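Number of protein chains: 2
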Amino acid sequence: MNICTYSYEEYLHLVKSFHGNLAPGLIIGGFIVDLAMKNLPAGDFFDAVCETPVCLPDAVQILTPCTIGNGWLSIAPFGRFAVTLYEKYSGKGVRVFLDTEKLEAWPEVRDWYLKKKKKKEQNSDLLLAQIKEAGHQLLSVQKVQVEPEKVRRKKMGPVGICPVCGEAYPSKDGEKCRNCRGETPYTDVVSINATNQKVAG
Amino acid sequence: MNICTYSYEEYLHLVKSFHGNLAPGLIIGGFIVDLAMKNLPAGDFFDAVCETPVCLPDAVQILTPCTIGNGWLSIAPFGRFAVTLYEKYSGKGVRVFLDTEKLEAWPEVRDWYLKKKKKKEQNSDLLLAQIKEAGHQLLSVQKVQVEPEKVRRKKMGPVGICPVCGEAYPSKDGEKCRNCRGETPYTDVVSINATNQKVAG
Chain R
15 MNICTYSYEE YLHLVKSFHG NLAPGLIIGG FIVDLAMKNL PAGDFFDAVC
65 ETPVCLPDAV QILTPCTIGN GWLSIAPFGR FAVTLYEKYS GKGVRVFLDT
115 EKLEAWPEVR DWYLKKKKKK EQNSDLLLAQ IKEAGHQLLS VQKVQVEPEK
165 VRRKKMGPVG ICPVCGEAYP SKDGEKCRNC RGETPYTDVV SINATNQKVA
215 G
Chain V
15 MNICTYSYEE YLHLVKSFHG NLAPGLIIGG FIVDLAMKNL PAGDFFDAVC
65 ETPVCLPDAV QILTPCTIGN GWLSIAPFGR FAVTLYEKYS GKGVRVFLDT
115 EKLEAWPEVR DWYLKKKKKK EQNSDLLLAQ IKEAGHQLLS VQKVQVEPEK
165 VRRKKMGPVG ICPVCGEAYP SKDGEKCRNC RGETPYTDVV SINATNQKVA
215 G
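Order-wise, the sequence lines are chains R and V.
So the first sequence is numbered by our numbering: it starts at 15 and just counts up by one.
So the second sequence is numbered by our numbering: it starts at 15 and just counts up by one.
With the rest of the complex left out, here is chain R (with noise of 0.2 angstroms):
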C-alpha cells in the first residue's frame, strides 16, 4: 500500500517530521491526496483547494507541489474534509471526500470523525488501524468544475508604504495597512534596538 510516491510507513514518517504527530485526519488526508491524484485530469499544471485548514492542508503540502506561500493550494473554509486538484486553466476537477455513508465498516472512524466519542474516550491505536484497513474505501470521488477564481488567492495588486507603520502593503486595503486599522493582533509592540539585533544576528 503506498501513498503518492511513499510507502505507508514513510508517509508516516513524512507526517510526524512535518506536522509534528500522526493526526488521524493527516493519515486519512495522505490516502485522500492519493486517491485524487490517482483520478487527476489530464492537463499540465494543477492547483488544489482544500475544504477545511484542520490537518489536510498538509497533507497537499507534503504530497503534491501545492502549497499556501506558492498560492498553488488555496483553503476554502467550508469545514469539509474533501481535497480538490483541478487542472490550473480549464478547471476540470477531480474532488475526493471522506463519505459518511461508508463510515459504518469502522466504528472508531466514525465516532472520531463524527466527534461522538471525546478525545480521551477514544482508542487511538484502534482508530489508525482502522483507517489504515480502510484507506480509499472511506472515500468517494466527485468529478467537478472549478471555479479558480473564487478559490484563487487575488493578486496583491499595487504598493504603498503605511502612513502609520512605515511598512509596505497592499494599497486596495485602503489610506492604511490592514493592522493598522485596528485589526492588530498585538499590543505592547517595542523596537528591539541595533545592538540587540546585531547579537541576533
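Simulated from the structure, these hints should not be mistaken for lab results.
Here the structure is a predicted model, which means the values were calculated and not measured.
There could be a bad hint or two in this list.
Because identical chains share one entry, a pair is satisfied inside a single copy or across any pair of copies.
In silico DSSO-like cross-links for lysine-lysine, where the CA-CA straight-line distance does not exceed 30 angstroms [unchecked claim]: (1) Lys52 with Lys131; (2) Lys186 with Lys168; (3) Lys116 with Lys168; (4) Lys186 with Lys164; (5) Lys168 with Lys190; (6) Lys132 with Lys157; (7) Lys157 with Lys133; (8) Lys164 with Lys190; (9) Lys106 with Lys130; (10) Lys169 with Lys129; (11) Lys30 with Lys52; (12) Lys134 with Lys52; (13) Lys157 with Lys131; (14) Lys52 with Lys133; (15) Lys164 with Lys52; (16) Lys116 with Lys133; (17) Lys168 with Lys130; (18) Lys52 with Lys186.
Mind docking chain V on chain R? Use the hints.
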C-alpha cells in the same frame, strides 16, 4: 551564514523542493524566520503568525514546527512582510519585518519589493545576490504582545451532517454547510462510480 539549522545552500534546496522555485520572498523569509528564532521569547511552545499568505508561510513551515494543518501557523491578512513567533500561553512574541527604511542600500531588492519594476525588467541574479548579501540587514525586530484568540484557528465545535450534500460539517455554520449555502466554487459535480474508484484504488 546559516538559515536556522541549515546552511544557506541547504535552505535554497529545501525552498526549491517544497515551494517549487527560488522565490525571492521565500529567501528573505528564511532570514526573517532565522532572526525571529534567535530572538524567541522564553517558553516551551511557540506559535507563528505570518502577515501575508505570499511565500512567507512556506519559510515558517520549512523552518519551524508550525504548519497550516497543525494550526500553529496562522495567517493574518495584512499584506505586510512579517513573521511573529509567540509563546503559546503568555502571548509574548517577537515580530520580524522587512523594513522599508533599510532598503536603500539594496536597490534591486527595493525595486522588487515595492514593485517599482515589472517582472521582466528585474535582474533576478542581482536580486538574489543582494538578498544574500543583505540578509538580516533588511530586517527589524519588535517585541510584541500577541492576543492569540485574534489569530488562532477557531475550534470546529460540534459536527452535523449537511442535509444537501450528506457530508459532515461544523454545525455552527448553520442548517447547511457553507458549500451548500452558496459559497461553492464547483459546478457540474458528478460522482465517479465505484468501478472507476476500484481502478483508481
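Checking Lys30 and Lys52: alpha-carbon separation at most 30 angstroms within a copy, between copies, both or neither? Answer is both: 24 angstroms inside a copy and 24 angstroms across each meet the 30 angstroms cutoff.
At 30 angstroms max between alpha carbons, let me know whether Lys168 reaches Lys130 within a copy, between copies, both or neither. For Lys168 and Lys130, only the inter-copy Cα distance (20 angstroms) is at most 30 angstroms; the intra-copy one is 38 angstroms.
Please sort Lys157 with Lys131 into within, between, both or neither, judging by C-alpha distance up to 30 angstroms. neither (33 angstroms within a copy, 41 angstroms between copies)
What label fits Lys132 with Lys157 when the C-alpha limit is 30 angstroms: within, between, both, or neither? Answer is neither: 35 angstroms inside a copy and 38 angstroms across each miss the 30 angstroms cutoff.
Within a copy, between copies, both or neither: which one fits Lys52 and Lys133 at a CA-CA cutoff of 30 angstroms? neither (33 angstroms within a copy, 36 angstroms between copies)
Given a CA cutoff of 30 angstroms, do Lys116 and Lys168 count as a within-copy pair, a between-copy pair, both, or neither? between (36 angstroms within a copy, 28 angstroms between copies)
For the identical chains here, do Lys106 and Lys130 meet the 30 angstroms Cα criterion within one copy, between copies, both, or neither? neither (36 angstroms within a copy, 36 angstroms between copies)
For the identical chains here, do Lys52 and Lys131 meet the 30 angstroms Cα criterion within one copy, between copies, both, or neither? neither (33 angstroms within a copy, 41 angstroms between copies)
For the identical chains here, do Lys157 and Lys133 meet the 30 angstroms Cα criterion within one copy, between copies, both, or neither? neither (34 angstroms within a copy, 36 angstroms between copies)
With 30 angstroms as the alpha-carbon cut-off, assign the pair Lys164 and Lys190 to within, between, both or neither. Classified as both: same-chain Cα gap 26 angstroms, cross-chain 20 angstroms, threshold 30 angstroms.
Go through the copies and call it for Lys168 and Lys190: within, between, both or neither, with a Cα cutoff of 30 angstroms. So Lys168 and Lys190 pass the 30 angstroms test inside a copy (19 angstroms) and across (27 angstroms) alike.
With 30 angstroms as the alpha-carbon cut-off, assign the pair Lys116 and Lys133 to within, between, both or neither. within (22 angstroms within a copy, 49 angstroms between copies)
Of the hints listed earlier, those the structure fails to meet are numbers 1, 6, 7, 9, 12, 13, 14, 18, in rising order.
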